[in-house]
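2 protein chains.
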Amino acid sequence: MKRVGVVLSGCGVFDGSEIHEAVLTLLYLDQHGAEIRCFAPDKPQMHVVNHYTKQPQAEETRNVLTESARIARGEIAPLAKMNLDQLDAVIFPGGFGAAKNLCNFAVAGPACEIDPDVARIIHDAHAKGKVIGAICIAPALVARAFKGEAGVSPTVTIGTDAATAGALREMGATNQAASVSDVVVDAKNKIVTTPAYMLGPTISKVAQGIEKLVKKVLEMA
Amino acid sequence: MKRVGVVLSGCGVFDGSEIHEAVLTLLYLDQHGAEIRCFAPDKPQMHVVNHYTKQPQAEETRNVLTESARIARGEIAPLAKMNLDQLDAVIFPGGFGAAKNLCNFAVAGPACEIDPDVARIIHDAHAKGKVIGAICIAPALVARAFKGEAGVSPTVTIGTDAATAGALREMGATNQAASVSDVVVDAKNKIVTTPAYMLGPTISKVAQGIEKLVKKVLEMA
Numbered sequence: 117m118k119r120v121g122v123v124l125s126g127c128g129v130f131d132g133s134e135i136h137e138a139v140l141t142l143l144y145l146d147q148h149g150a151e152i153r154c155f156a157p158d159k160p161q162m163h164v165v166n167h168y169t170k171q172p173q174a175e176e177t178r179n180v181l182t183e184s185a186r187i188a189r190g191e192i193a194p195l196a197k198m199n200l201d202q203l204d205a206v207i208f209p210g211g212f213g214a215a216k217n218l219c220n221f222a223v224a225g226p227a228c229e230i231d232p233d234v235a236r237i238i239h240d241a242h243a244k245g246k247v248i249g250a251i252c253i254a255p256a257l258v259a260r261a262f263k264g265e266a267g268v269s270p271t272v273t274i275g276t277d278a279a280t281a282g283a284l285r286e287m288g289a290t291n292q293a294a295s296v297s298d299v300v301v302d303a304k305n306k307i308v309t310t311p312a313y314m315l316g317p318t319i320s321k322v323a324q325g326i327e328k329l330v331k332k333v334l335e336m337a
Numbered sequence: 117m118k119r120v121g122v123v124l125s126g127c128g129v130f131d132g133s134e135i136h137e138a139v140l141t142l143l144y145l146d147q148h149g150a151e152i153r154c155f156a157p158d159k160p161q162m163h164v165v166n167h168y169t170k171q172p173q174a175e176e177t178r179n180v181l182t183e184s185a186r187i188a189r190g191e192i193a194p195l196a197k198m199n200l201d202q203l204d205a206v207i208f209p210g211g212f213g214a215a216k217n218l219c220n221f222a223v224a225g226p227a228c229e230i231d232p233d234v235a236r237i238i239h240d241a242h243a244k245g246k247v248i249g250a251i252c253i254a255p256a257l258v259a260r261a262f263k264g265e266a267g268v269s270p271t272v273t274i275g276t277d278a279a280t281a282g283a284l285r286e287m288g289a290t291n292q293a294a295s296v297s298d299v300v301v302d303a304k305n306k307i308v309t310t311p312a313y314m315l316g317p318t319i320s321k322v323a324q325g326i327e328k329l330v331k332k333v334l335e336m337a
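Read top to bottom, the protein sequences are chains A and B. Just so we're aligned, residue 117 is where the first sequence starts under this note's numbering, counting upward by one. Just so we're aligned, residue 117 is where the second sequence starts under this note's numbering, counting upward by one.
Calculated directly from the structure, the hints in this document are not laboratory data. The model shown is predicted, which means the values in this text are computed figures rather than measured ones. Among the hints, erroneous ones may be present.
[Said to hold, decoys possible] Keeping only pairs whose Cα atoms sit at most 27 Å apart, straight-line, the calculated DSSO-like set for lysine-lysine is: (1) K328(A) x K304(B); (2) K332(A) x K118(A); (3) K159(B) x K170(A); (4) K118(B) x K304(B); (5) K118(B) x K321(A).
Construct the complete structure from the given sequences, taking the supplied hints into account.
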């Protein structure tokens with residue numbers, strides 16, 4: 117049984133994990149017989165966004181781990197405790213949370229900072245030959261983690277937005293286009309990516325790429 | 117194209133919609149070509165529960181519509197505006213939100229009160245021959261809506277908990293067992309139910325019953 121860590125970043129597309137992407141990741145991991153372990157950083161979210169009005173709620177603060185626990189039905193641990201020695205692969209679903217709470221790419225672009233535990237996990241996975249899956253905007257985490265490291269230029273997809281793709285290239289990644297139902301496999305670095313809601317448009321389309329990603333991650337793990 | 121209303125009750129199993137059940141409902145509706153319209157009541161949640169510690173957060177209030185919008189990616193309308201004339205069917209995912217925010221079955225059992233819009237929607241659907249789908253604990257809403265109405269004894273599943281099943285029978289419903297991968301069809305009243313996380317144990321099992329429910333609802337609509 118392959119053991120896969122899923123790194124969540126809150127609960128909701130505009131300030132946390134994209135819920136559909138996260139749930140579909142769990143669905144296909146379970147369908148394909150993997151053991152799932154969810155993690156999230158125990159720290160405040162960058163923003164709380166009212167998902168009905170789409171306006172930030174400046175007066176409110178929420179914790180990334182606490183909100184991520186909603187998606188995981190309470191079965192989740194702090195990211196600080198994530199140990200790659202106990203896992204065969206790690207998957208990062210998307211949503212603005214990946215670009216606000218796991219790094220700050222959403223506001224700082226290619227000059228973004230990355231959460232130290234996220235950087236540790238990506239480097240550990242790479243060093244130990246574990247597989248990394250990244251969905252939607254989450255390939256930005258992979259690009260940021262290896263920024264400035266000679267010899268590692270991860271090949272990832274990020275959708276068709278030219279500015280976003282340019283920002284990834286600025287961080288040293290190689291951008292490769294893929295449709296919403298497809299994945300990009302960087303066999304050398306053991307990285308699998310799919311654009312999901314960077315392209316959309318609907319959940320059944322996004323599901324095709326995520327199922328393919330999960331199967332590929334498990335196959336390579 | 118069949119038009120299906122999905123009634124959400126917040127975002128998280130312990131105080132809102134069970135997220136997996138809600139997302140799987142959207143997934144299979146989209147996969148099977150339905151047009152999806154999400155709704156939720158614009159009112160405060162009964163509770164806010166910290167899903168990591170599983171403790172109520174007494175000092176915090178959240179709005180059912182605002183939190184439900186996280187699952188719907190912002191594409192949602194207030195339940196008061198839900199009009200059965202514009203829909204072919206309605207589906208209620210489960211989670212404690214169905215038993216705390218759409219009715220108060222979680223605290224009042226068979227003596228529970230039901231949200232007036234939820235009662236209106238269930239009665240309207242029944243009167244107009246639209247199909248009703250109810251997942252997990254949500255069959256309690258159907259039982260409560262028809263409580264005391266001579267001639268309507270909906271046949272529904274609710275899992276294997278004897279006390280819960282007894283409470284549904286006290287409200288006048290007929291309880292029928294089903295496995296997590298199966299549905300109960302009340303053809304006379306056009307009601308389809310599946311136990312989902314009342315039985316579990318994992319997302320891929322729950323998905324089997326929900327996909328069957330969605331297909332049956334669309335077939336009967």
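Taking only the CA atoms, is the gap from K118(B) to K304(B) under or equal to 27 Å? holds, 20 Å
Is K328(A) within 27 Å of K304(B), Cα to Cα? Not OK: K328(A) and K304(B) at ~41 Å, beyond 27 Å, violated.
Under the criterion that the straight-line Cα-Cα distance not exceed 27 Å, is the pair K159(B), K170(A) satisfied? Holds, at roughly 18 Å.
Is it true that the CA of K332(A) sits at most 27 Å from the CA of K118(A)? holds, 12 Å
Straight-line alpha-carbon gap K118(B) to K321(A), limit 27 Å: Answer holds: K118(B) to K321(A) is near 19 Å, not above 27 Å.
Checked against the numbered hints above, the structure breaks only hint 1 and satisfies the rest.
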